[in-house]
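Novice: Sequence:
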Amino acid sequence: MLHKTKIIATVGPACDTYEKLLALVNAGVNVFRLNFSHGSHEKHAEVISNIKKINDEYPFNIAILADLQGPKLRVGEIEDNSLLLLQDDIITFTNVPCTGTKDAIYISYPDFHKDAKVGESILLDDGKIETRVTEITADGRVKAKVINGGVLLPRKGVNLPDTQISIPSLTEKDLRDLDFIISQRIDWIGLSFVRRPNDILDLKMRLKDKGSPAKIIAKIEKPEALQHLREIILASDAVMVARGDLGVEMPVEKIPMIQKEIVRKCIHRAKPVIIATQMMESMIDRTRPNRSEITDVANAVMEGADAVMLSGETAMGAHPALVVQTMVNIVREVEKEETVYNRNLVPQPHSPSFLSDALCYNACKIAEDVHADALIGMTQSGYTGFMLSSFRPYSALFVFTKTQTLINQLSLSWGVQAFYYDKEEGVDSIIADQIAILKEKGLLKTGDVVINTGSTPVNEHLPTNMLKVTKVI
Numbered sequence: 001m002l003h004k005t006k007i008i009a010t011v012g013p014a015c016d017t018y019e020k021l022l023a024l025v026n027a028g029v030n031v032f033r034l035n036f037s038h039g040s041h042e043k044h045a046e047v048i049s050n051i052k053k054i055n056d057e058y059p060f061n062i063a064i065l066a067d068l069q070g071p072k073l074r075v076g077e078i079e080d081n082s083l084l085l086l087q088d089d090i091i092t093f094t095n096v097p098c099t100g101t102k103d104a105i106y107i108s109y110p111d112f113h114k115d116a117k118v119g120e121s122i123l124l125d126d127g128k129i130e131t132r133v134t135e136i137t138a139d140g141r142v143k144a145k146v147i148n149g150g151v152l153l154p155r156k157g158v159n160l161p162d163t164q165i166s167i168p169s170l171t172e173k174d175l176r177d178l179d180f181i182i183s184q185r186i187d188w189i190g191l192s193f194v195r196r197p198n199d200i201l202d203l204k205m206r207l208k209d210k211g212s213p214a215k216i217i218a219k220i221e222k223p224e225a226l227q228h229l230r231e232i233i234l235a236s237d238a239v240m241v242a243r244g245d246l247g248v249e250m251p252v253e254k255i256p257m258i259q260k261e262i263v264r265k266c267i268h269r270a271k272p273v274i275i276a277t278q279m280m281e282s283m284i285d286r287t288r289p290n291r292s293e294i295t296d297v298a299n300a301v302m303e304g305a306d307a308v309m310l311s312g313e314t315a316m317g318a319h320p321a322l323v324v325q326t327m328v329n330i331v332r333e334v335e336k337e338e339t340v341y342n343r344n345l346v347p348q349p350h351s352p353s354f355l356s357d358a359l360c361y362n363a364c365k366i367a368e369d370v371h372a373d374a375l376i377g378m379t380q381s382g383y384t385g386f387m388l389s390s391f392r393p394y395s396a397l398f399v400f401t402k403t404q405t406l407i408n409q410l411s412l413s414w415g416v417q418a419f420y421y422d423k424e425e426g427v428d429s430i431i432a433d434q435i436a437i438l439k440e441k442g443l444l445k446t447g448d449v450v451i452n453t454g455s456t457p458v459n460e461h462l463p464t465n466m467l468k469v470t471k472v473i
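Numbering follows our numbering, with no gaps: position 158 of the sequence shown is 158.
Errors might be hidden in some of the hints.
With a straight-line cut-off of 20 Å between C-alpha atoms, the simulated SDA-like cross-links for lysine to any residue are [what the hints assert, rightly or not]:
| id | residue 1 | residue 2 |
| --- | --- | --- |
| 1 | K471 | Q404 |
| 2 | K210 | S381 |
| 3 | K204 | I182 |
| 4 | K402 | Y421 |
| 5 | K156 | L86 |
| 6 | K117 | T92 |
| 7 | K336 | Y394 |
Pairwise CB distance ranges (calculated) [unchecked claim]:
| id | residue 1 | residue 2 | range |
| --- | --- | --- | --- |
| 8 | S37 | T92 | 24 to 34 Å |
| 9 | N198 | D88 | 37 to 47 Å |
| 10 | H350 | L153 | 47 to 57 Å |
If you are wondering where the hints come from, they were derived from the structure by calculation, not from laboratory data. C-beta atoms are modelled at their ideal positions from N, C-alpha and C, and glycine is treated no differently.
Please work from the sequences and hints to get the whole structure.
Specialist: Okay, structure coming up:
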């Protein structure tokens, strides 16, 4: 593996064929994101089939992330396809579908008139147009004054940074999409507009009831989520810093420090963390990124993000494979720096997994002290892989599991290369087998120093409780 920070690419018309997906994998993609805000189930099924075919035919473990749309608010159709809004204009929002004029603009939020309050902001088209609520009428209309005007186009997004919205995180569309996603045995599910930990727990229960092994990514894009950040991180399997909507609903100057804080807390809790939105956006139609975009990707790597994500750049850009290769080159250059590695983490005594956490951290510390060539872990839930990864070890990180789903899921986690292994013949035999497998693949050689973690007795499947230092012969 040439880069430890993983690359997520969004699939769209520019890269949705088998050949183009394979080109992106060869360029360095580890995870493909399917955006369920767009596309039919039939088209998504075709893409999923192609990704699974690539995994079957090549030595890749590419994960699939299904990103639910969530309660994304939009205006409806607009008369003549554009509406000029001038400063101090008074406009009216309604929950009754209509062709929009200043007298009535449809917003896809049935209870908006119940939740909105006078004085709250309504932002349109990624915040380009700002309005403020002035009146809520008895017949359920919301009047607003234009603060910063512009041209409003059909179906543009609506953000309500001040409003406590009552729409559930899973909409009726999301529930239909979720049934399809479960049927396709997807690896990761992105839950949009998470506001509180119960949003995650509700989805977890639905997955459990359907027998789905998918793991959940909490997308942080609402100010309300930051008030419950610790609990959301604990409830989720991974976190995405979705800077698009978050950057509209929060003062823009706060976003960099919010990003750093989320990354820090996720590493502390051994939860994979993704930085997303507008990382290389200029390459949608150009062959080189802006200098600021290069720095943005580099900063995400230095902060310790598990993965960096491409959206429109690969979904509809002119050069999908080139943008992936450019991002990989930036990542690899930054990963030459020592500051990326060996996070100063300590196990938390109040953690229910304190003892195994301590062993994982100390395995990484020993690997650092003896300049080990590799760390090798065994896992059934993925937790050991995520925990070893959170230390950001300089040593190569290999994780073995007999749970097939985890092999792809671990493709999201920093530095992890996962392999299938299902034998249970004793610790010494397992360690010898794993080293032999890695030697055969050219990932280890005679004389290498290896740190193994595992559990004993093997057949009891206990949390990680042992480590061993081995010199490869």
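Novice: For a quick check of understanding: which of the numbered hints are violated here, in increasing order?
Specialist: 1
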